[in-house]
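Engineer: Letter by letter, the chains look like this.
Protein chains: 2
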Amino acid sequence: MKLELVSTTKCFEGEQRVYKHHSNVLECDMTFGVFLPPAAIEDKTECPVLYFLSGLTCTHENFVQKSGFQRTAAKEGLIVVNPDTSPRGVELPGQDDAYDFGSGAGFYVDATEAPWSKHYKMYSYVTQELPELVNANFSVLPGKKGIFGHSMGGHGALICALKNPGLYQSVSAFAPIANPSECPWGQKAFTGYLGANRDDWAQWDATSLVSKYASTPQELFIDQGSADNFLAGQQLLPEKLLAAAAPNDHIQTIFKQREGYDHSYFYIATFVAEHIEYHAKLLKA
Amino acid sequence: MKLELVSTTKCFEGEQRVYKHHSNVLECDMTFGVFLPPAAIEDKTECPVLYFLSGLTCTHENFVQKSGFQRTAAKEGLIVVNPDTSPRGVELPGQDDAYDFGSGAGFYVDATEAPWSKHYKMYSYVTQELPELVNANFSVLPGKKGIFGHSMGGHGALICALKNPGLYQSVSAFAPIANPSECPWGQKAFTGYLGANRDDWAQWDATSLVSKYASTPQELFIDQGSADNFLAGQQLLPEKLLAAAAPNDHIQTIFKQREGYDHSYFYIATFVAEHIEYHAKLLKA
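Protein sequences, first through last, are from chains A and B. In terms of the numbering used here, the first sequence has 153 at position 153, counting the first letter as 1, and numbering is strictly consecutive. In terms of the numbering used here, the second sequence has 146 at position 146, counting the first letter as 1, and numbering is strictly consecutive.
What the hints contain is simulated information worked out from the structure, not anything from laboratory work. Hints may be right or wrong, so weigh each one.
Said to hold, decoys possible - Cβ pair distances, simulated, as ranges:
{"id": "1", "chain 1": "A", "residue 1": "Glu61", "chain 2": "B", "residue 2": "Pro217", "range": "40 to 46 Å"}
{"id": "2", "chain 1": "B", "residue 1": "Gln257", "chain 2": "A", "residue 2": "Glu277", "range": "26 to 32 Å"}
{"id": "3", "chain 1": "A", "residue 1": "Glu61", "chain 2": "B", "residue 2": "Glu42", "range": "30 to 36 Å"}
Everything numeric in this text was worked out from a predicted model, so none of it was measured. Where a beta carbon is used, it is the ideal one built from N, C-alpha and C, also for glycine.
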């Protein structure tokens, strides 16, 4: 698998890079961001990798440009990889009709419904193909991998971890869509990508997965702004996930509610250092 | 003068706000950013104000979204105000023909040439009208004002300070256009806004102003990335300003060259904390 370097920019003594490649899983060309901390460049020290999954409408650019995550990733010596949010450059009818379905809204599932099933396999892309590419091309510390994300990407981070016990040593989410089967965004996406049978949705729903989880103990760090419009709008439902986790001995949760913070990148920028320090502690343990 | 609140977003325990107002000086409506640190909100502590002037093509948004300055401004207790880069919503022939003249490219001068002279008075706006508005509407510590900027805005910060000895207690610039009379960007802008007579340009050129400066001692903190394309392209010319300052006892310079950094917001994000700490030290002295 060949990587094409789109750009590399020095940043906090590390390098923020952008790459393009052909995805065999998605059957299209994809773009992603990679931040290399100074240690990974200077002496090729093997570093843990932290994956960030973005929310609706985002490309790889939003997190790279607006969160300021590089400051803490440089200090902690983490490689941070952030993919796009859907297949790109494909031609599917209706893909650009709405901000919450199709382009920019892959929801990190493997679609089973035509026509989406041909390309919309973001789950396999972020859990398999992309990590293989990253492992083959960067100085990655084997077996030290974390994942986090925002909103739709928080949902993505949670299901990637819950469906693969032990694959990720650290998991966190900003304002995740925590119970997509029960909210308008998730119901629209799951109906479109997975079909109308709600039984098929459970394997892609963090709250359902948490309620059945019985494997390697997993801690989930959930972050939520109290002034988030989408929390009030019942799109996020973190309380459902917390309630499902409470009786499950295999799941530990850390829940931080941030008074007065909304759903924006200003919120992420404020707390991203705390998340990266959390991941670093677990990944460097 | 009435301010209209466009948005307010909690960020690093402070608030990033955006305001609109009618500018009498520019004869148009203008938008600007204001970050209020926690102290300025909670108990209305009077805080120093730091002005940031942006570069070509920017609006108030770029610095607000991409630099991450709020983290350090919150910690240091500085109010940070950042205006737009030109009059907006006016109708002047040719204003949108190029990225480096007209809209988004006011160059922080008071234009004397028609048709620009009717609206393009960014110097008076940022040194007089905007500070009056800020002083009237926020809990500002009197007589404690700093200014900094990037590229065209670095030029702006330098000339605002050099033309008003003692008005600003701290001055810094990222990759400033340090000698506009001698570079293509500056020559185009000055010819358009000020006319063809080069003698009229000197009062708007930081290097010329430094060579003649004989008032209150002023320190200038100049920052420059070594891999900046516009440095190589002879648009910035910091060496001319440093050479002019060297024999002048009234001007002290701090010059930091940053190995491998370019002209982008990744460069600004990397060093903005150091700049804000520099301003805070002088403004809180």
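Engineer: If a hint holds in the structure, say so; if it does not, say that too.
Structural biologist: Verification of the hints:
1. A:Glu61 - B:Pro217: 40 to 46 Å: This hint holds: roughly 44 Å between Cβ atoms.
2. B:Gln257 - A:Glu277: 26 to 32 Å: 31 Å, holds
3. A:Glu61 - B:Glu42: 30 to 36 Å: 34 Å, holds
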